[in-house]
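In case you want the letters, here they are:
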Amino acid sequence: MADIILNHVTFTYPNGYTAVENINIEIKSGENVAIVGQNGAGKTTTVKMMNNLEKPTMGDVYVGDKNTKDFTTAQISRIVGYVFQNPDDQIFHSTVEQEVRFGPKSMKLPKEKEDALVEKALEMTGMVKYREENPLNLPLSMRKFITIAAIIAMDTEVLIFDEPTAGQDIYGNEMLAKILKDLHEEGKTVITISHDMEFVANNFERVIVMATKHVVKEGTPRDIFWDFESLEIAKLKQPYVSRICHSLGIEGNVITMEEAVEALSKKYGLKS
Amino acid sequence: MDVIMECKNVNYQYPLTDTKQIENLNLTIERGKVYGVVGENGSGKTTLCAVLRGFAPSFYKGELTGEVLYDGKPLAEYGDEIATKIGFVFQNPFTQISGVKDTVFEEIAYGLENFGVPVEEIEQRVINVMKMTNVESLALKNPFLISGGQMQRVALASVIVLEPDVMIIDEPTSQLDPDGTESVFEIIKAMKEKKKTIILVEHKIDLIAEYADEVIVMKDAKVIACGPTKEILAKTELMQQGVNVPQAAILGQKLKEKGLDIEYIPVTEQDAVKVFENAGKAGK
Ligand SMILES: Nc1ncnc2c1ncn2[C@@H]1O[C@H](COP(=O)(O)OP(=O)(O)O)[C@@H](O)[C@H]1O
Ligand SMILES: Nc1ncnc2c1ncn2[C@@H]1O[C@H](COP(=O)(O)OP(=O)(O)O)[C@@H](O)[C@H]1O
Ligand SMILES: [Mg+2]
Ligand SMILES: [Mg+2]
Chain A
1 MADIILNHVT FTYPNGYTAV ENINIEIKSG ENVAIVGQNG AGKTTTVKMM
51 NNLEKPTMGD VYVGDKNTKD FTTAQISRIV GYVFQNPDDQ IFHSTVEQEV
101 RFGPKSMKLP KEKEDALVEK ALEMTGMVKY REENPLNLPL SMRKFITIAA
151 IIAMDTEVLI FDEPTAGQDI YGNEMLAKIL KDLHEEGKTV ITISHDMEFV
201 ANNFERVIVM ATKHVVKEGT PRDIFWDFES LEIAKLKQPY VSRICHSLGI
251 EGNVITMEEA VEALSKKYGL KS
Chain B
1 MDVIMECKNV NYQYPLTDTK QIENLNLTIE RGKVYGVVGE NGSGKTTLCA
51 VLRGFAPSFY KGELTGEVLY DGKPLAEYGD EIATKIGFVF QNPFTQISGV
101 KDTVFEEIAY GLENFGVPVE EIEQRVINVM KMTNVESLAL KNPFLISGGQ
151 MQRVALASVI VLEPDVMIID EPTSQLDPDG TESVFEIIKA MKEKKKTIIL
201 VEHKIDLIAE YADEVIVMKD AKVIACGPTK EILAKTELMQ QGVNVPQAAI
251 LGQKLKEKGL DIEYIPVTEQ DAVKVFENAG KAGK
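Chains as they are written, first to last, in the working numbering: chain A, 1 to 272; chain B, 1 to 284.
With the rest of the complex left out, here is chain A:
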């Protein structure tokens, strides 16, 4: 079981810029975690170290019992799959299916196993009907799902999604929520970066808040979204329903629509 541990990790880019400074993160196997924070806070740099696309400049990153320093990116990427922020950094094939098949094929599995992984990934992401399309002819929001499918097909223990909610419509967000839930139920560890506060409030057990190179807070969405000091430091917002409840004098715990309806029904003496 691969827990992920970042132990006093600092990362400096070749140009001398330090993007992440002395951070400690522990993610248990099977957890469903969100990472939030401003543009430039260091979120992408942090998760790239988790799948060994980058190695820490100082400190250690462990995936299970493996110190990433002692392994290649290819070795760690069998355990930790990473979906790039920009899908075009990741798409190289001329059909959706080839793109999704590339990973499992390189793992040299029996053909039936390979097929099963590809079909499952296409199905989970709603890509079955686009399997013969050229990814470059599909809109960005769909290209994102192709890259998600490509990582799901690798069947890694840990999956990292970098801003999958960017540019998604209602259906896209619903599909993402379902994918996260299904992966979580399969026992996968899922780590998602998102700027969508409603999405974070509704879909995760734990949230890691980053601000200017550091982790500034960790906790349940409920802990995070009512901690005004941390929200201010990380320049984040409460979900809208929390803001409305806050303005109406209901303090402390509302983060979802259902909870807001319940709290306000109680306040105004409505039938429940």
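Be a bit skeptical, because a hint or two may be false.
As the list claims (entries may be wrong) - The calculated lysine to aspartate or glutamate pairs, modelled on DMTMM-like cross-linking and capped at a C-alpha distance of 20 angstroms, are: (1) Lys237(A) <-> Glu257(B); (2) Lys267(A) <-> Glu182(B); (3) Lys266(A) <-> Asp261(B); (4) Lys274(B) <-> Asp155(A); (5) Lys267(A) <-> Asp18(B); (6) Lys271(A) <-> Glu186(B); (7) Lys213(A) <-> Asp220(B); (8) Lys266(A) <-> Asp18(B); (9) Lys188(A) <-> Glu114(A); (10) Lys254(B) <-> Glu259(A); (11) Lys235(A) <-> Glu182(B); (12) Lys129(A) <-> Asp18(B); (13) Lys254(B) <-> Glu198(A); (14) Lys222(B) <-> Glu133(A); (15) Lys256(B) <-> Glu258(A); (16) Lys281(B) <-> Asp155(A); (17) Lys237(A) <-> Asp18(B); (18) Lys267(A) <-> Glu277(B); (19) Lys274(B) <-> Glu251(A); (20) Lys256(B) <-> Glu262(A); (21) Lys219(B) <-> Asp169(A); (22) Lys237(A) <-> Glu263(B); (23) Lys254(B) <-> Glu114(A); (24) Lys219(B) <-> Glu174(A); (25) Lys271(A) <-> Glu277(B); (26) Lys271(A) <-> Asp261(B); (27) Lys129(A) <-> Glu114(A); (28) Lys111(A) <-> Asp169(A); (29) Lys256(B) <-> Glu259(A); (30) Lys235(B) <-> Asp169(A); (31) Lys235(A) <-> Glu186(B); (32) Lys266(A) <-> Glu257(B); (33) Lys129(A) <-> Asp220(B); (34) Lys258(B) <-> Asp169(A); (35) Lys254(B) <-> Glu258(A); (36) Lys258(B) <-> Asp155(A); (37) Lys258(B) <-> Glu258(A); (38) Lys237(A) <-> Asp261(B).
Worth flagging that the hints you see were computed from the coordinates, not collected in a lab.
With chain A fixed as given, assemble chain B with the ligands onto it according to the hints.
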């Protein structure tokens, strides 16, 4: 009514496709208003923008019927001059970056150079806009070596600097954090105060509710609803058409169904607080 643009019975189809991407479009755009364009992906929002700017058909080719008017005159009659009147911020910021300039500063200045603006004026305008869009620190960076979110702001800056009367802005905040997103909406508000007309495609519906005067809702190549923001976004049944509605409206609708006697379905946080409070007092 001070009309700046109009679409009359417009139909448009890209080359080599078998259905129309814009069907029977009739639209009146008033000067100085902010229009939010919403709807599911693939519904035709970007195509609508391209039609309003004239890229469809001038760049994309394909077939356009009906009339697209700017100040009462068909777009085609303006030729290249239309670029000075209608600014366009592309959905994908990569598309915006010219590729011929080495720094963000020069990139933002590029359009003004093309329009033959004097050098001292260019510098002053670029500096002002860089401040406004918060990209000053990127001035000397290569426009292709900055992050997606930063590129989105540079793309916006390179259009604002031209001061066109109409600005068409396609999903400018998709890669931005909540704070950066809000600052883009504040920029849009400032443009409106300068009597600019803004057509903004955006998924972040709670912000559209707050900043847009009018909303245009698209589905399957058609405008299925269009009108004042407070009216249109209060229709929570739009969610069945793949259209997001504000959290305030959903909450209002749910409380109304449970018997809270609210004056109207709110679409913004502020209105929600007001109508719930009033209903609460009346109920006591
Ligand atoms: N290849 C790189 N070289 C130098 N600096 C970089 C590079 N990639 C990212 N950075 C910088 O590191 C910081 C953190 O970037 P990133 O981890 O992408 O942040 P986030 O994902 O939170 O937006 C930013 O200031 C960014 O400009
Ligand atoms: N250049 C193009 N050539 C052919 N079809 C296109 C082109 N651009 C968009 N389309 C198609 O037009 C429809 C509307 O797309 P678009 O306007 O991009 O929607 P939205 O912006 O609402 O996501 C989609 O079916 C899309 O596949
Ligand atoms: Mg990032
Ligand atoms: Mg679009």
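Structure-based check of all given hints:
Between Lys237(A) and Glu257(B) the alpha-carbon distance is near 28 angstroms, which puts this suggested pair outside the 20 angstroms criterion. Simply put, Lys267(A) and Glu182(B) have alpha-carbon atoms about 31 angstroms apart, too far for the 20 angstroms limit, and the pair is violated. At roughly 15 angstroms between alpha-carbon atoms, Lys266(A) and Asp261(B) fall within 20 angstroms of each other, so this suggested pair holds. Pair hint Lys274(B) plus Asp155(A) does not hold up; C-alpha atoms about 50 angstroms apart against a cutoff of 20 angstroms.
Between the alpha carbons of Lys267(A) and Asp18(B) the distance comes to roughly 55 angstroms, so the proposed pair goes past 20 angstroms and is violated. Distance restraint check for Lys271(A) and Glu186(B): the Cα-Cα separation of roughly 40 angstroms exceeds the 20 angstroms cut-off, and the hinted pair is therefore not satisfied. The suggested pairing of Lys213(A) with Asp220(B) is violated, with an alpha-carbon distance near 44 angstroms, which exceeds 20 angstroms. Between the alpha carbons of Lys266(A) and Asp18(B) the distance comes to roughly 54 angstroms, so the proposed pair goes past 20 angstroms and is violated.
Between Lys188(A) and Glu114(A) the CA atoms are separated by roughly 19 angstroms; this keeps the pair inside 20 angstroms, and the hint holds. In summary, the hint linking Lys254(B) to Glu259(A) is supported, as the alpha carbons are separated by about 12 angstroms, within the 20 angstroms threshold. Taken as a hint, the Lys235(A) and Glu182(B) pair is honoured in the structure, with Cα atoms around 11 angstroms apart against an allowance of 20 angstroms. Restraint check for Lys129(A) and Asp18(B): satisfied, since their Cα atoms lie roughly 18 angstroms apart, inside the 20 angstroms limit.
At most 20 angstroms may separate the alpha-carbon atoms for a hinted pair to count; Lys254(B) and Glu198(A) meet this at roughly 17 angstroms. With a CA separation close to 25 angstroms, the supplied pair Lys222(B) and Glu133(A) exceeds the 20 angstroms bound. Annotation: proposed proximity of Lys256(B) to Glu258(A) holds, straight-line Cα distance about 14 angstroms (limit 20 angstroms). Straight-line distance between C-alpha atoms of Lys281(B) and Asp155(A) comes to about 56 angstroms, which puts the hinted pair past the 20 angstroms bound.
Straight-line distance between C-alpha atoms of Lys237(A) and Asp18(B) comes to about 44 angstroms, which puts the hinted pair past the 20 angstroms bound. A threshold of 20 angstroms between alpha carbons decides the hint, and for Lys267(A) with Glu277(B) the separation of about 10 angstroms falls inside it, so the pair holds. Taking the CA atoms of Lys274(B) and Glu251(A), the gap is about 18 angstroms. The hint holds against a cut of 20 angstroms. Straight-line distance between C-alpha atoms of Lys256(B) and Glu262(A) comes to about 13 angstroms, which keeps the hinted pair within the 20 angstroms bound.
With a CA separation close to 12 angstroms, the supplied pair Lys219(B) and Asp169(A) stays within the 20 angstroms bound. Restraint check for Lys237(A) and Glu263(B): not satisfied, since their Cα atoms lie roughly 28 angstroms apart, outside the 20 angstroms limit. A hinted pair counts as satisfied when its Cα atoms are at most 20 angstroms apart, and Lys254(B) with Glu114(A) does not qualify at roughly 46 angstroms. With a CA separation close to 18 angstroms, the supplied pair Lys219(B) and Glu174(A) stays within the 20 angstroms bound.
For the given pair, Lys271(A) sits about 18 angstroms from Glu277(B) by alpha-carbon distance, which is consistent with the 20 angstroms threshold. For the hint linking Lys271(A) to Asp261(B), the alpha-carbon distance of about 13 angstroms falls within 20 angstroms, and the restraint holds. Distance restraint check for Lys129(A) and Glu114(A): the Cα-Cα separation of roughly 19 angstroms lies within the 20 angstroms cut-off, and the hinted pair is therefore satisfied. For the proposed pair Lys111(A) and Asp169(A), the alpha carbon gap of about 36 angstroms is over 20 angstroms, so the pair is violated.
For a cut-off of 20 angstroms, the pair hint linking Lys256(B) to Glu259(A) stands: about 16 angstroms separates their Cα positions. The straight-line distance between the Cα atoms of Lys235(B) and Asp169(A) is roughly 18 angstroms, inside the 20 angstroms bound, and the hint therefore holds. For the suggested pair Lys235(A) and Glu186(B), the alpha carbons sit about 16 angstroms apart, so the restraint of at most 20 angstroms is met. With a CA separation close to 14 angstroms, the supplied pair Lys266(A) and Glu257(B) stays within the 20 angstroms bound.
About 18 angstroms separates the Cα atoms of Lys129(A) and Asp220(B), which keeps this hinted pair within 20 angstroms; it holds. A threshold of 20 angstroms between alpha carbons decides the hint, and for Lys258(B) with Asp169(A) the separation of about 28 angstroms lies outside it, so the pair is violated. A threshold of 20 angstroms between alpha carbons decides the hint, and for Lys254(B) with Glu258(A) the separation of about 9 angstroms falls inside it, so the pair holds. With a C-alpha separation of about 45 angstroms, the suggested pair Lys258(B) and Asp155(A) falls outside the 20 angstroms cut-off, and the hint is violated.
For the hint pairing Lys258(B) with Glu258(A), the CA-to-CA distance comes to about 13 angstroms; that is within 20 angstroms, so the pair holds. Proposed proximity of Lys237(A) and Asp261(B) is contradicted: the alpha carbons are some 29 angstroms apart, above 20 angstroms.
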